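Participant: Now for the letters of each chain:
There are 2 protein chains.
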Amino acid sequence: MAHLTDIEIAQAKELQHIKTVANKLNLNEDNLEMYGKYKAKLPLSLIDENKVKENNLVLVTALTPTPAGEGKTTVSIGLTEGLNKVGKQATVVLREPSLGPVFGIKGGAAGGGYSQVVPMEDINLHFTGDFNAIEKANNLLSALIDNNLQSKTNNLNIDPRTILWKRVIDMNDRSLRHITIGLGGTANGIPREDGFNITPASEVMAILCMATDFDDLKKRLGNIFIGFTFDKKPVFASDLKAQDAMAILLKDAIKPNLVQTLEENPAIIHGGPFANIAQGTNTIIATKMGLSLSNYVVTEAGFGADLGAEKFLNIKSQHAGLNPKCVVLVATVRALRHHGGAQKEEYNTPSIERVQEGLKNLEKHIENIRKYNIEPVVAINSFISDTEEEVNFVIEACGKLGVKAVVSEGWAKGGEGTKNLANAVVDVVENKATQFKPLYNWTSPVKEKIETIAKEIYGAEKVEYSKKAQLNLRRIDRLGFNDFAVCMAKTQKSFSDNDKLIGRPEGFTVTVREIEIAAGAQFIIPILGKMMRMPGLPAVPASENMTIDNQGVISGLS
Amino acid sequence: MAHLTDIEIAQAKELQHIKTVANKLNLNEDNLEMYGKYKAKLPLSLIDENKVKENNLVLVTALTPTPAGEGKTTVSIGLTEGLNKVGKQATVVLREPSLGPVFGIKGGAAGGGYSQVVPMEDINLHFTGDFNAIEKANNLLSALIDNNLQSKTNNLNIDPRTILWKRVIDMNDRSLRHITIGLGGTANGIPREDGFNITPASEVMAILCMATDFDDLKKRLGNIFIGFTFDKKPVFASDLKAQDAMAILLKDAIKPNLVQTLEENPAIIHGGPFANIAQGTNTIIATKMGLSLSNYVVTEAGFGADLGAEKFLNIKSQHAGLNPKCVVLVATVRALRHHGGAQKEEYNTPSIERVQEGLKNLEKHIENIRKYNIEPVVAINSFISDTEEEVNFVIEACGKLGVKAVVSEGWAKGGEGTKNLANAVVDVVENKATQFKPLYNWTSPVKEKIETIAKEIYGAEKVEYSKKAQLNLRRIDRLGFNDFAVCMAKTQKSFSDNDKLIGRPEGFTVTVREIEIAAGAQFIIPILGKMMRMPGLPAVPASENMTIDNQGVISGLS
Chain A
1 MAHLTDIEIA
11 QAKELQHIKT
21 VANKLNLNED
31 NLEMYGKYKA
41 KLPLSLIDEN
51 KVKENNLVLV
61 TALTPTPAGE
71 GKTTVSIGLT
81 EGLNKVGKQA
91 TVVLREPSLG
101 PVFGIKGGAA
111 GGGYSQVVPM
121 EDINLHFTGD
131 FNAIEKANNL
141 LSALIDNNLQ
151 SKTNNLNIDP
161 RTILWKRVID
171 MNDRSLRHIT
181 IGLGGTANGI
191 PREDGFNITP
201 ASEVMAILCM
211 ATDFDDLKKR
221 LGNIFIGFTF
231 DKKPVFASDL
241 KAQDAMAILL
251 KDAIKPNLVQ
261 TLEENPAIIH
271 GGPFANIAQG
281 TNTIIATKMG
291 LSLSNYVVTE
301 AGFGADLGAE
311 KFLNIKSQHA
321 GLNPKCVVLV
331 ATVRALRHHG
341 GAQKEEYNTP
351 SIERVQEGLK
361 NLEKHIENIR
371 KYNIEPVVAI
381 NSFISDTEEE
391 VNFVIEACGK
401 LGVKAVVSEG
411 WAKGGEGTKN
421 LANAVVDVVE
431 NKATQFKPLY
441 NWTSPVKEKI
451 ETIAKEIYGA
461 EKVEYSKKAQ
471 LNLRRIDRLG
481 FNDFAVCMAK
491 TQKSFSDNDK
501 LIGRPEGFTV
511 TVREIEIAAG
521 AQFIIPILGK
531 MMRMPGLPAV
541 PASENMTIDN
551 QGVISGLS
Chain B
1 MAHLTDIEIA
11 QAKELQHIKT
21 VANKLNLNED
31 NLEMYGKYKA
41 KLPLSLIDEN
51 KVKENNLVLV
61 TALTPTPAGE
71 GKTTVSIGLT
81 EGLNKVGKQA
91 TVVLREPSLG
101 PVFGIKGGAA
111 GGGYSQVVPM
121 EDINLHFTGD
131 FNAIEKANNL
141 LSALIDNNLQ
151 SKTNNLNIDP
161 RTILWKRVID
171 MNDRSLRHIT
181 IGLGGTANGI
191 PREDGFNITP
201 ASEVMAILCM
211 ATDFDDLKKR
221 LGNIFIGFTF
231 DKKPVFASDL
241 KAQDAMAILL
251 KDAIKPNLVQ
261 TLEENPAIIH
271 GGPFANIAQG
281 TNTIIATKMG
291 LSLSNYVVTE
301 AGFGADLGAE
311 KFLNIKSQHA
321 GLNPKCVVLV
331 ATVRALRHHG
341 GAQKEEYNTP
351 SIERVQEGLK
361 NLEKHIENIR
371 KYNIEPVVAI
381 NSFISDTEEE
391 VNFVIEACGK
401 LGVKAVVSEG
411 WAKGGEGTKN
421 LANAVVDVVE
431 NKATQFKPLY
441 NWTSPVKEKI
451 ETIAKEIYGA
461 EKVEYSKKAQ
471 LNLRRIDRLG
481 FNDFAVCMAK
491 TQKSFSDNDK
501 LIGRPEGFTV
511 TVREIEIAAG
521 AQFIIPILGK
531 MMRMPGLPAV
541 PASENMTIDN
551 QGVISGLS
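If you read the protein sequences in the order shown, they are chains A and B.
Read in my numbering, the first sequence has 211 at position 211, and its numbers run on one by one without any break.
Read in my numbering, the second sequence has 463 at position 463, and its numbers run on one by one without any break.
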């Protein structure tokens, strides 16, 4: 069976003018700031808090994923097509892809097969410039810090050894992880160690995603904690009078972007933090925009439900007062085989025993979702290598837990392949939804918040703190940051902080190695294990196989 | 006399929808890719080589400028307003501003007073993302180089000590001038020295500006010379298969941007290289776009005529087959006082003696322009501190040389203040224009090209080459780059390579310290003196005084 590539499918689609897509949201041309014919920004004035409360929010998350990912974006888009097919007015609200993975291994993030958002190339490249604006705002603050270090008239007495703020670039570039800057004499600044993170890991990205309006954005930018003076006083971005200039750079980036799905349904794409090191979900503003304009909003949170969904619910939904009415847990038979012990080369080899063993991972995620007082639906994201026996086994096992599991064929068939899933989601939303309940309150003590997540969600028996983490806790207390949300940084490959513990590990200890502070985002970030904030390129970068002709037709982008 | 600031004037203007502006160029909505309501990209298919030949190109340049600049952009915009007022269909074609100076000292580059292009904020900030695209293409190549250094399967054997390709960032950030990268162990690449230039100094910017179409762009990107292998073979971007991926990142950046002047005339803004280290003029594609759509095109080249105009004529016009019919030399009385010996604090003090002495600088520029077989017009960019006596003195002095000098009051009055200048330009274009003649052919020997510029344009008596420059010359010969254009890197403050030599220095020697290669742009770049490719921020950065309110209204941007 010869498949078209994602980009071939996307290019074959004749796009609707974005005005036509906007009409489906009862918007006219005056409401849009068009970026070409197929993209538009939506002004914040369209947000209507009453509609946000009335309309229906559906979160798509996944079991603990394999490195290839479980296809959450594809399922989110497919489900939105399906909901529209079964008569609901539905919009998908997604994150923007980072350029880094586009030229590296993973490719972009515009869905796949017949469940894609388009124009796929634009979305995967610069899109409407939001990532660039975030990068510039981040790096302006860096330039202001280094400029201040050597300023005679304006000096804040910042100790360069304490600076926590790093530069960012939206590129997979390992050689920028650890650098020394300011070399070459007095004209070139003060020498110090620094490094670049990838742009989605910037606190400015987290801030943009947490901001509820423009004033809130500016306040948060001013609250960014940079480091200490030589006499141990904390220094914030506002001490450098940076917040307005940073907000100026973000004046358009704060507006959500409207595009379309392959079936011409509305898609809002905005913000793109990673879920293993940040909150991993689109902006609060975009989610509210979707809910203001659409009866159903389907959105996703990155990686497995222990990371993305946990943060979506405890951080984003709690802060923004959102009430998700259904959680879709995406599972692939491949991933179930993996959690049942299959090696990578066996992922496509049917095995009912492995699926049975692997189901323990999915079951734990189902239990977890119910702790938030939300009813899950399992979407089995269909692969060619799945057997009927395995699929039926999953459906029955979920049935025993009272959970509806439905095969999702959005990749192969678009909305026609997700009508069953859509109906199952509608059933939960319309008949079984109650008020969502976060797992912890931001105002609880820091250690209590961390333990709640580790024990209730991960299934850990114990949380240990390194010496450094204990010092970090005292610093957080001294700085008055105890009421921040806990944004865990943990591997996506296991419930635990150990990549190797697949399935449903039990009796394990997680170790908090250090705790970072994102004071503008209002996060404390416990780091469990070694987290990478700047990926590298593979031996043969994806860029090598990309082509573009003089008509602008691109191939090799995925 | 209380003046409104530039941004206040710009914000008071009620903008026309960009569709209305496009109508003046006989374009309809289908021809445009809109970026919001007031910006649009123009597809390359609108370029018509016959119209390019038929229509009239006017170049605005200046005498040797003071650090504040002579107001070339303001005069270019004002002149365009004036040409439209006297019944010509005129479009201004400009460079895009760099973000670096916006947050530093100099501010943006969207004109001033009542001669501005709008929306001023957008143009001075991210605009349509072109600079970002250039930056990403540049830095993708850097990431590919560093990735290759440690690649096992794909290794090109590049000697890290020979890598000439630098990263770029559109920020004034001196602490990135000289850095070490790849630190921290085997996972983080190969340690080596590197540095960031400001984005307008990227060779990718030069390439974008020199490219005649998309295929040419791609070919030039592949031709970028990176460094040498350990066995001394040259390495090009094409060896890393980088050109298509870089071109993909530039697929929209290659399209010129349409905005409007304060008097609702068309303005095309595209590309932004600096003129002291690069060719300093907008893209060939934008100039041709302007000439395809408009009877008169007014464009500018950076800094004094010894830099910007020299490169505009010998590099850009020669390569693209353009025929500028008139050159406007902008002079301020302030700058004439400066060249007559006034200290900075005396710039606003009237002095007929200093103006008389300073005129020698202007005279040399007039002589130079005539060497290209083009007739100059002098625009006296009016300042409040100018006396009638001084202005009349300049007009008479120019008159003695057969050159029309006209006061330009575009800053204070818009097009009403530039009608005389417009009429003088029309007179030259319609009655005195002949075929422009470049000063050297690209095919001449390298040293001959350098000497022609240094002696004929700068007025140098002699050119000396450092040991390094002599080695560089041999390398250029060995690599077969003798037929490239010469893109001089020289201070903008003097005809010579010594900042201090104001006026019309004579009998001096210029020293070529080294010669760089931009093989994609097809430039060899002799460096005269120390040229800075990464500016720093001032003690009190402009960013500190910027504000934005929750309606998005910005102040403090200039």
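Honestly, the hints are just simulated from the structure, not real lab data.
Careful, some of the hints might be misleading.
[Claimed, not checked] Residues from chain A that keep clear of chain B, each with C-beta distances beyond 10 Å, as calculated:
{"no.": "1", "residue": "L15"}
{"no.": "2", "residue": "T20"}
{"no.": "3", "residue": "A68"}
{"no.": "4", "residue": "Q89"}
{"no.": "5", "residue": "L144"}
{"no.": "6", "residue": "S175"}
{"no.": "7", "residue": "N295"}
{"no.": "8", "residue": "A320"}
{"no.": "9", "residue": "E430"}
{"no.": "10", "residue": "K455"}
{"no.": "11", "residue": "L557"}
[As the list claims (entries may be wrong)] Cβ-Cβ distance ranges computed for the label pairs, FRET-style:
{"no.": "12", "chain 1": "B", "residue 1": "A539", "chain 2": "A", "residue 2": "F230", "range": "18 to 24 Å"}
{"no.": "13", "chain 1": "A", "residue 1": "I352", "chain 2": "B", "residue 2": "N157", "range": "30 to 36 Å"}
{"no.": "14", "chain 1": "B", "residue 1": "A539", "chain 2": "A", "residue 2": "D215", "range": "28 to 34 Å"}
{"no.": "15", "chain 1": "B", "residue 1": "T509", "chain 2": "A", "residue 2": "G552", "range": "35 to 41 Å"}
{"no.": "16", "chain 1": "B", "residue 1": "N157", "chain 2": "A", "residue 2": "E264", "range": "33 to 39 Å"}
{"no.": "17", "chain 1": "A", "residue 1": "A320", "chain 2": "B", "residue 2": "N545", "range": "48 to 54 Å"}
{"no.": "18", "chain 1": "A", "residue 1": "E8", "chain 2": "B", "residue 2": "S45", "range": "57 to 63 Å"}
{"no.": "19", "chain 1": "A", "residue 1": "D213", "chain 2": "B", "residue 2": "N420", "range": "49 to 55 Å"}
Please read these numbers as outputs of a predicted model, since none were measured by experiment.
Ideal Cβ positions, reconstructed from N, Cα and C, are used throughout, including at glycine.
Participant: Taking the Cβ atom of A:A320 and the Cβ atom of B:N545, is their distance within the range 48 to 54 Å?
Facilitator: Distance hint for A:A320, B:N545 is violated at roughly 33 Å.
Participant: Beyond 10 Å from every chain B Cβ: check whether that's true for A:Q89.
Facilitator: Non-interface label on A:Q89 holds, nearest chain B Cβ at 27 Å vs cutoff 10 Å.
Participant: Using the beta carbons of B:N157 and A:E264, state whether their distance is inside 33 to 39 Å or not.
Facilitator: violated (51 Å)
Participant: A cut-off of 10 Å on Cβ-Cβ distance, and A:A68 was said to be off the interface with chain B. Does that hold?
Facilitator: Consistent with the label, A:A68 stays out of reach of chain B, its closest Cβ about 21 Å off (over 10 Å).
Participant: Quick check: does the Cβ-Cβ distance between B:A539 and A:D215 fall within 28 to 34 Å?
Facilitator: holds (29 Å)
Participant: Is it the case that A:E430 keeps its Cβ farther than 10 Å from each residue Cβ in chain B?
Facilitator: holds (37 Å)
Participant: Checking the smallest CB distance to chain B, is A:L144 really beyond 10 Å?
Facilitator: The claim is violated: A:L144 sits with its nearest Cβ about 6 Å from chain B, within 10 Å.
Participant: So A:K455 supposedly isn't at the interface. Is its beta-carbon more than 10 Å from every beta-carbon in chain B?
Facilitator: Given that every Cβ of chain B is farther than 10 Å from that of A:K455, nearest at about 32 Å, it holds.
Participant: Is the claim that A:L557 lies outside the interface with chain B correct, judged by CB distances over 10 Å?
Facilitator: Violated, since 7 Å does not exceed 10 Å.
Participant: If I claimed the Cβ atoms of B:T509 and A:G552 lie 35 to 41 Å apart, would that claim hold in this structure?
Facilitator: violated (50 Å)
Participant: Over 10 Å from every CB of chain B: does A:T20 meet that, or does the non-interface label fail?
Facilitator: The assertion about A:T20 holds, with a minimum of 14 Å to chain B.
Participant: Okay, A:I352 versus B:N157 on CB: inside 30 to 36 Å?
Facilitator: violated (51 Å)
Against the hints set out earlier in the document, violations occur for numbers 5, 6, 11, 13, 15, 16, 17 and 18.
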